[in-house]
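Work out the full structure: start from the sequences and follow the hints.
The C-terminal residue of the sequence shown carries number 272 in my numbering, and the numbering is unbroken.
Since the hints were derived computationally from the structure, they do not count as laboratory data. Hints are supplied without guarantee of correctness; some may be wrong.
Below are the SDA-like pairs computed for lysine to any residue, each with C-alpha atoms no more than 25 Å apart in a straight line [what the hints assert, rightly or not]:
hint, residue 1, residue 2
1, Lys107, Asp149
2, Lys107, Glu129
3, Lys107, Ala126
4, Lys107, Ala96
5, Lys107, Ala138
6, Lys107, Arg95
7, Lys107, Pro270
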Amino acid sequence: MSETAHRPPRVILEEEAGEARLDHAWEAETGPVAVPSLGISTLSLLAIGLSALILGFSTLAAGNYVAEQFGRAAWLGWLTLAVALGGFGALGGAVVREFRALFQLRAVDAARAAFVRGDHRAAKAHVLAWAEPIPLAAAALPALREAPDLSALRALLEAGPLAALDGEARALGRLAAIQGFAATAVSPSPALDALVVGWRGLRLVRQVAALHGMRPGVAATASLLRRAAFDAATVAATEVATDAAVRAIVSNPLIGHVAGETATGAVAARRLITLARATAAACRIVPRG
-16 MSETAHRPPR VILEEEAGEA RLDHAWEAET GPVAVPSLGI STLSLLAIGL SALILGFSTL
44 AAGNYVAEQF GRAAWLGWLT LAVALGGFGA LGGAVVREFR ALFQLRAVDA ARAAFVRGDH
104 RAAKAHVLAW AEPIPLAAAA LPALREAPDL SALRALLEAG PLAALDGEAR ALGRLAAIQG
164 FAATAVSPSP ALDALVVGWR GLRLVRQVAA LHGMRPGVAA TASLLRRAAF DAATVAATEV
224 ATDAAVRAIV SNPLIGHVAG ETATGAVAAR RLITLARATA AACRIVPRG
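Okay, here's the thing in structure tokens:
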């Protein structure tokens, strides 16, 4: 038996540990590993096949029904055709919007790759195409067009539109945190807490993406969530330290008894702020670094 008394966990104060309280080098080991593409997956093939069957047979059935309605009366046929075109047009618009949002994410990847390989011409083309529809980047467009090299282009982005977008993303994160904290404070059950915070988190992801000129649908939002999980390493060092301190404080039995459900709301609010920063990092045309 060891004679050393068990020491309970405690919060290490800033003045006790200084800079040694965080290992800032660990982020270099958290980047995603580049895995070669295996082509279209089985699930993708199943989805494509089912979509083709459902849409194909639906179109044939609708066409046959419209032809039958024309046989009954001309006005009835035209009315049925208008309804069918409206419905299929809405479905087609939704599909086009989904692919457009996914292509916007691919454009961000292409711009990052151009910066990594040092291709000034391709990077500038991607940056100008990215900046045109974003109101916060409109003022920087003339300077971006005149950027002589890659370093100047990146410096202009960091000092101008990206700094403004990061500030707006932080503001959206703080607003979501306040709303999440208030919702968990009045919620009657933990299950409803999780539902409200999850819904607010998805809405926050879409809002931050909209700041960066995107209109993500279901597929693009799922892709953004996956990217945010990977890009969270860029903001994790300070966030992990803060989250650990919050958890250590609110897990104290006395404070937990006094604060009650406030502790749960504080952790949820902190997670929403982290989600906003991670989503902004995933949407940036130039990665932090």
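**Hint numbers not upheld by this structure, sorted from lowest to highest** = Of the numbered hints, all hold.
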